[in-house]
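Enquirer: Combine the two chains into a complex, taking the hints into account.
Keeping their order, the protein sequence lines are chains A and B.
Numbers 185 to 397, taken from the numbering used here, label the letters of the first sequence in order.
Numbers 14 to 125, taken from the numbering used here, label the letters of the second sequence in order.
Hint data in this document are derived by calculation from the structure and do not stem from the laboratory.
One or more of the hints may lead you astray.
[Claimed, not checked] What follows is a set of in silico ranges between Cβ atoms, one per label pair, in the way DEER data are often shown:
1. A:T192 - B:S77: 14 to 24 angstroms
2. A:P366 - B:A20: 39 to 49 angstroms
3. A:P208 - B:P94: 42 to 52 angstroms
4. B:A47 - A:Q345: 31 to 41 angstroms
No residue lacks a Cβ here, since even glycine has one placed at the ideal position from N, Cα and C.
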Amino acid sequence: MSSDSSTTLPPRWAESLLRMLLSPEDRDSVSGDLLEEYRESVVPALGDKAQGWYIRQVAGYLLRKAWIWSALVGVILVTRYLFDTLAPVRYTPGVIHPRSAIMSYALMTSFAFGSGWQVWRSGHLGSGVLVAFATAAVGGALSAAGTVACLAIWHDPETLQAVRSSGGLAEALWGVPLLLVPIGLITGATGAVAGRLAHAIVHGASRPNMKSA
Amino acid sequence: MADVLGAFEQAVLIAVVRLQADAYGRAILKEVQARLGRDVAHGAVHATLGRLEQKKLLSSKLGSGTPVRAGRARRYYRLLPAGVRALNDARSAVDNLWSGLNWPLIKARSMS
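Okay, chain B solo, but in the shape it has when bound (with noise of 0.2 angstroms):
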């Protein structure tokens, strides 16, 4: 059994799989606010990143910098065959959540 991720957690890992090369912290940070549609602090991006680099989920290399940035160097992020693992089964989690059911919910099914 892999990790289980917390919501915030798979927003990042799904932002790190889109992304694939360009996945460095601005863009995964614009990409989970993009899906969550929803302002989201730069400090609680690199917290989770950080977390799961430590998890052995994502792997980091540093990149060249830009101007913009005064040269400060980008780091890339991309996952590892356990955060493939862990993505894999909360989405599996959830579906076996839904399973049976249509979405989206009416109101009677959902008071009955």
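Next comes chain A alone, as it looks inside the complex (with noise of 0.2 angstroms):
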């Protein structure tokens, strides 16, 4: 190991990410395990690119942490698309049809909890926001994969006359998916700050620490 590889640091950026996804009891020895390994192993074998291999570390926790909600999101996602094309109803303009704010209310609940617990856990609001993004962009990646898969499977004339009625295709493909972004970003900061407030009710208001190297 040379001697500069053992103070080389990971981009700051992403440490601070990672120290704020993880719960303070997990902070520091999580984040010193991978400072270790980086320092240790990956910045002698790959150089330049070690900090490539950090951010992708990186990317996996917020994953990890954001997956279950993702799920969620395509599920509904692509359920509400099921309904429309297999059981189409009209809908009429200005009028909020209920399989509209049943839906809505489901996508808005999971960003809010999905970003709630993560600051439930970690006692950061910008963890719960960092969520909420990628809840939304990989529940957004899921329901436009999902879409596709059902419509190789039913794209009969009926089929696809109830896709055209309902928005149409490229909404279900990246229309509801790019919307899924504001959303998740107003509605998870919403259940960020009520997450904090219960950390704080519970734990008592002291700034979680966030020191790094």
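Expert: As structure tokens, this is what we get:
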């Protein structure tokens, strides 16, 4: 091991993000494990590419925190797509159909609860918003993939007409997934505030330790 | 009946057994990677350790830090009696499955 690698720092923003995602009891031990691996094994082996390795590890932690909520968002959207194509209803402009309302509330609850739970665990508002963002991005991608899979199974003229009547394929494939990002950020931020309040009430209002190398 | 363990959970618990007093996050990761012969994400090992601790199969305590870790504490893991039972059950389940068969299987037998 060279003396350089033993003091090399990973990208500061990535390390801050990792520490923000972790619970206070794991913050030092987990980020320390990653730093030790980075300095002792990864930098000597990968050189300039070591930072990419570190960023991928942090992204992995973020996705682990968000995957269950992302899956839930994907399932909600694909279920809505299936209802709209296999049991279509007539939508009236300006009138919110119960089906739309149920989906919207289910999505908002997923974002808010996922974000709130993350903040409850970590004590950091920002980590909840990050998880909500990842949930929206991955959930949107899962929804688009699910829509394509459904379309591969059911693509008779009646189904395609039902797709057009409920907003069209473009809306299902990229319109709704893109719209998920602002919705996720807004409802996620709300959930994060609720999670932070609950955390402060139960654990005290002290600022979580964010010391980095 | 103890907890039913997944393959990765068994790999992590066995790594803790092998490492004994040196079983902390990164060492466990290295051991699991070496035994499984593939790259394993840090997050996967830490998530599994957390889950096994929640199931009360492992316990942990913080140790001291080192300069290369910027002084951050290591978390050392230890197998609890429920973890020993779970590993023994997992091993005997595999032994029961293989009982009466010769290993490695030869093609003629696997096709019949």
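Enquirer: In ascending order, which of the hints set out earlier in this document are inconsistent with the structure?
Expert: As far as the earlier hints go, 3, 4 are violated by this structure, in ascending order.
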